[in-house]
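Put the complex together from the two separate chains, hints included.
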Amino acid sequence: MSGVDPDVVRRAQRGDLMALHEVLDVLTPYVRRLCGPIALQDAPDAAQEALIVVMRNLKDLREPAALFGWVRVVAVREAVRVAKQSARAVPAPLAEVPAPGDPALAADVRDVLDRLSPEHRAVLVLRDLEGLDEETAARMLRVPAGTVRSRLFRARASFRRNWRDEGAAR
Amino acid sequence: MTWPVGELDEVRRLRALAASFPGVLLEEAVLPSTFEDVWAVLGDPERGFPGLVPDVRTLRVTERHGERMRAAVRGRSGLRGRFDMVLRPGWCLMQSRFLVFGMGAVAAGDGTRFAYMAALRVPGARVLGPPVRRLLGPLILRRFVRRFTPEA
Chain V
1 MSGVDPDVVR RAQRGDLMAL HEVLDVLTPY VRRLCGPIAL QDAPDAAQEA
51 LIVVMRNLKD LREPAALFGW VRVVAVREAV RVAKQSARAV PAPLAEVPAP
101 GDPALAADVR DVLDRLSPEH RAVLVLRDLE GLDEETAARM LRVPAGTVRS
151 RLFRARASFR RNWRDEGAAR
Chain L
1 MTWPVGELDE VRRLRALAAS FPGVLLEEAV LPSTFEDVWA VLGDPERGFP
51 GLVPDVRTLR VTERHGERMR AAVRGRSGLR GRFDMVLRPG WCLMQSRFLV
101 FGMGAVAAGD GTRFAYMAAL RVPGARVLGP PVRRLLGPLI LRRFVRRFTP
151 EA
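Which chain is which? The protein sequence lines are V and L, in order. So in the working numbering, spot 75 of the first sequence is number 75, and the numbers just go up one at a time. So in the working numbering, spot 119 of the second sequence is number 119, and the numbers just go up one at a time.
Isolated chain L (complex conformation) (with noise of 0.2 Å):
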């Protein structure tokens, strides 16, 4: 007997993550390019991050453990954290003392369907979230599209 099983990809994984966090940014859109293309850059984070991610300058992995890493991150706006990470295809997690952002992905169609996440890890978290989602949201979803559409 078999019985069937419902489907949870990882976008709709990375929706569920993000009920935990009040305030949490949460922008999704689908990007013009394969799955497979997407996540050559978003699967290497050393190189695929910088200039991507907001405020990553750069990002080094100290260690690695599988899917487990840890990364030392320094950005443009004077940041420098240690991240804990997961990285995994279609899904990655980072962590620092202050802050915490994920990303899933899966195929759709021709497209790639894309969720990123972030939220603050601060008192008043629920407070600062709206209006920063609200101010950063758009920029930041405009820049993975703009990243991944093909040049005419």
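One chain only, chain V, in its complex shape (with noise of 0.2 Å):
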């Protein structure tokens, strides 16, 4: 992820359509990699209404070095928000996140992913992508440390057995 200068930021937020073009260029990637695994096949919609949230709030942004941040936690709300409005069917839900290094998420992430809730699918991201703890990843999701951490524990059990029992029954 390469940063913008501040002085980009600072013209974008001026209304500067060269610097705001400059900031898009910058951001687009970005979010595209945080809705792709939340939102799946709602990402196209998930990355344009988080970039629209960031392109109009961008000028009430107060230190250009916090733009990423701010992006991460506006792309990762609205990524769960408008994957959430799908209502699409979960197929073989797994009741909770995979843990870190689970053979699972390298052999089909997307398999994985499918099978998870959005906010799970948020959990994983934040976590296994962005590599926050679990302290951060719940303030940004808006529930409590602790749901997050549960989540993650009584994901290890869940999804090993899940594994496990696919395994066997290959």
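Keep in mind the hints are simulated off the structure, nothing from the lab. Among the hints, erroneous ones may be present.
Derived contacts from chain V toward chain L, CB cut-off under 7 Å, selection only [said to hold, decoys possible]:
id, residue
1, LEU17
2, MET18
3, HIS21
4, VAL26
5, THR28
6, TYR30
7, ARG32
8, GLN41
9, PRO44
10, LEU51
11, VAL109
12, LEU141
13, VAL143
14, PRO144
15, GLY146
The beta-carbon is built from N, C-alpha and C at its ideal position, and this holds for glycine as well.
Structure follows, in structure tokens:
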């Protein structure tokens, strides 16, 4: 993730189109990367909605250095919201998020994502893609830290059991 | 491990960009020509814009550095201005002291999904925008649809 020159952010905040273009160019791959695993087939809608929120409220960002942190919050929340709205049926749902380094993640991350709820996918993205701890992930998802922790904890048993059962059936 | 990455085409990006401008005019249509045919015109501002982009009588590119350009524009209304531009396939932005506008285009089957954005960079744009948008939006869009409708 490359940064944005603070001067460019400030010009963008004043409505300079060339600067806004530059900011959008830098943020687009980041937002696509966050929204993809959370919103899945609704990711184009989620990425668009996230960037609309970002562009509409950019002028209110006090500190240009906080840009990516703020965009991360917006993108994850919008991705969860859009994915929940689409109310897609989850095939053979997993109860919780798989643990870091779980072999299933390496084997078929898309299959794992398909079987998690949007909130669980968000926990996984924040932890495995963004490297955040549970406290921070909880704050971003507006749930108590214990909720994220218990989701992650229960996930290990649940996911491994599921993976083992499937392995035995193969 | 390969994580899925969300797609975001240039029309969606233009919708996002437009959110920066209060009172913006943002119109969309599917043009009945292929993306290649549409961008053969819109990707050549000096020849493609006059008579098509509202109030552009002549456009002369004065500087070019990759996808960044500077152009001198003269309009029928007396508009004379220097515009900073960004031009890449499916994406064109222009900005003068008083005006911004942009176009995004993406292939949609045999046609092209097209979006057009324009906004004033003056105090009161938030108030002026909506009536201007209602008045001009459909007219501008009709001009682009007509230009890219193949003759029978």
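- Check each numbered hint from earlier against the structure, then list the numbers of those it violates in ascending order. Checked against the structure, the hints that fail are numbers 4, 6, 8, 12, 13, 14, 15, while the rest are satisfied.
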